[in-house]
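Novice: Okay, here's what each chain looks like letter by letter:
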Amino acid sequence: MPIEAADCRTPFGDARATSAALLGGRRALCPCPVLGPDGGDLVPLALLSARALGETAPPGWLPCLDGLAAGIPQGPWGGPRHPVFMTSSNFGVGSLFAFQRDRDPRHIEYCMPYSMSEVLRQRFGWGSNVTLVSHACVSAHIGLLLASRCLRSGSAERALVFTFDFISPFVTAGFHALKILNAGMPAPYAALPTGSIGLGDGAAFAVLGRPGSGFCLSAQTLHNEMHHFTANDPAGAGFAASLAPVRAAAGGRRVWLKGHGTGTLEAGRLEAEAFARHFPDSPLVSWKGSLGHTLGSCGLVELPLAIEAMRSGRAPGTVGTAPPCFTDNVATEAFSTAGFDGAVIAGNAFGGAHASLLLGHD
Amino acid sequence: MSDPLNSRLKNLIVSTLKLEDVDPASIPDDAPLIGSGLDLDSIDALELVVAVEKEFGVKIASSEESRAALASVSQLAAYIRTHAPSDRSLG
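Residue numbers (the numbering used here), protein chains in the order written: chain E, 1 to 362; chain V, 1 to 91.
What the hints contain is simulated information worked out from the structure, not anything from laboratory work. You may find that some hints are simply not true.
As the list claims (entries may be wrong) - The calculated SDA-like cross-link candidates involving lysine to any residue, where the alpha carbons are at most 20 angstroms apart (straight line), are:
#1 V/K59 / V/S42
#2 V/K59 / E/H176
#3 V/K59 / E/P33
#4 V/K54 / E/A177
#5 V/K59 / E/L35
#6 V/K54 / V/S42
#7 V/K59 / E/G78
#8 V/K59 / V/T16
#9 V/K18 / V/E65
#10 V/K59 / E/E225
#11 V/K59 / E/A173
Stated by the list, open to error - Just the calculated beta-carbon pair ranges, DEER-fashion:
#12 E/P280 / V/S86: 48 to 56 angstroms
#13 V/L19 / E/S336: 51 to 59 angstroms
#14 V/D3 / E/G24: 29 to 37 angstroms
#15 E/F335 / V/D39: 40 to 48 angstroms
#16 V/A51 / E/E333: 52 to 60 angstroms
#17 V/K59 / E/R101: 48 to 56 angstroms
#18 E/F229 / V/P85: 28 to 36 angstroms
#19 V/S86 / E/C30: 32 to 40 angstroms
#20 V/K59 / E/R106: 31 to 39 angstroms
The beta carbon of each residue, even a glycine, is placed where N, CA and C say it ideally should be.
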């Protein structure tokens, strides 16, 4: 499926600025109080510049989405043959939390998925052909998959996938309660005694259906291992089931790997081992040690970064991670993408979902 | 004679997790709590961590520390004895 255009927004800026920051080994994550204005333990968060952790009405991140949307190629988005797939793991839950806290009715129009999407639809002048997708941290992957299916079935000419996840005290408190968001900086795939994630703001879009970027989605997979809500099958069966089809689709092509790699130990080890088995000669990176986990927007935030890496000839390494790692294929330093035919971008989510895509040349 | 802290923890486990069919006295001190033995899962572990934090003022910092502390009732008791504030009664 050809990718016409894609871009992202992280605390570093657009895809080009983010890629440059990652190549320079910079971290967007820094210690912030887990409860925002209410204080609490310091945990690694990556917030858009000048944004505090705590919701305003209207949300302080809306101008960021304005900037992102300005880069979307022109089209009758939301019209009958130009569907929009809007994805997020939590839409306006930060506004819901803020309303519960201070009872300011101005939060209400931003706090539900439907109302938040209506705000954006009207703000960007989109028609009503907008589908909302929310499935935790594979939301954006599912949006891309649905868009591809829509195009392949002939029911659309082009499709826009638009994703955003902006963290809030509700979200940070939840991950902190799970003991996986703690004081430590994330070091994806590092063989350490304790693990920690970071959380980050992220937004991105991709337009599919026409050539334009020089790249395409060659394959996409989605699988649910049905093991447990918050833990993976200890044998790694879920990762294997998700990666086997994309390995087959890659055939003899040489690919590099952008994994989920949030910084947790058990899942990180299972994922690294699964990649090493299925793609033994491929370097594996995660950028969440810098950007944090961008929740439902992950996968699509990294897509334009991967495209930039292929275009520029250099892929950022796993920022924040130093050896020893779980497997030898983890690339802790930047590397040349010359000679690679594409990249695998993978993600997984609470509830046992796994998703991956194969990015190739058009 | 049973360690009073161990007994207290067994009662806490049964009440927190609403294990209506489990007699607290029947939980062995050294049997695994997670995965086998009582076969608690990560969600149960989270509830126990919260209950322990409230009851004993003990903060468990990471999921790895949680897994080690919840290995058994005896392990949990030892962890609490090491980390509880000095003004907390552990009897």
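Novice: For each hint, tell me whether it holds in the structure or not.
Specialist: Cross-check of the supplied hints:
| no. | hint | result |
| --- | --- | --- |
| 1 | V/K59 / V/S42 | holds, 17 angstroms |
| 2 | V/K59 / E/H176 | holds, 12 angstroms |
| 3 | V/K59 / E/P33 | holds, 17 angstroms |
| 4 | V/K54 / E/A177 | holds, 13 angstroms |
| 5 | V/K59 / E/L35 | holds, 17 angstroms |
| 6 | V/K54 / V/S42 | holds, 18 angstroms |
| 7 | V/K59 / E/G78 | violated, 49 angstroms |
| 8 | V/K59 / V/T16 | holds, 17 angstroms |
| 9 | V/K18 / V/E65 | violated, 24 angstroms |
| 10 | V/K59 / E/E225 | violated, 32 angstroms |
| 11 | V/K59 / E/A173 | holds, 15 angstroms |
| 12 | E/P280 / V/S86: 48 to 56 angstroms | holds, 54 angstroms |
| 13 | V/L19 / E/S336: 51 to 59 angstroms | holds, 57 angstroms |
| 14 | V/D3 / E/G24: 29 to 37 angstroms | violated, 55 angstroms |
| 15 | E/F335 / V/D39: 40 to 48 angstroms | holds, 44 angstroms |
| 16 | V/A51 / E/E333: 52 to 60 angstroms | violated, 44 angstroms |
| 17 | V/K59 / E/R101: 48 to 56 angstroms | violated, 24 angstroms |
| 18 | E/F229 / V/P85: 28 to 36 angstroms | holds, 33 angstroms |
| 19 | V/S86 / E/C30: 32 to 40 angstroms | holds, 34 angstroms |
| 20 | V/K59 / E/R106: 31 to 39 angstroms | holds, 36 angstroms |
Of the numbered hints stated above, those contradicted by the structure are hints 7, 9, 10, 14, 16, 17, listed in ascending order.
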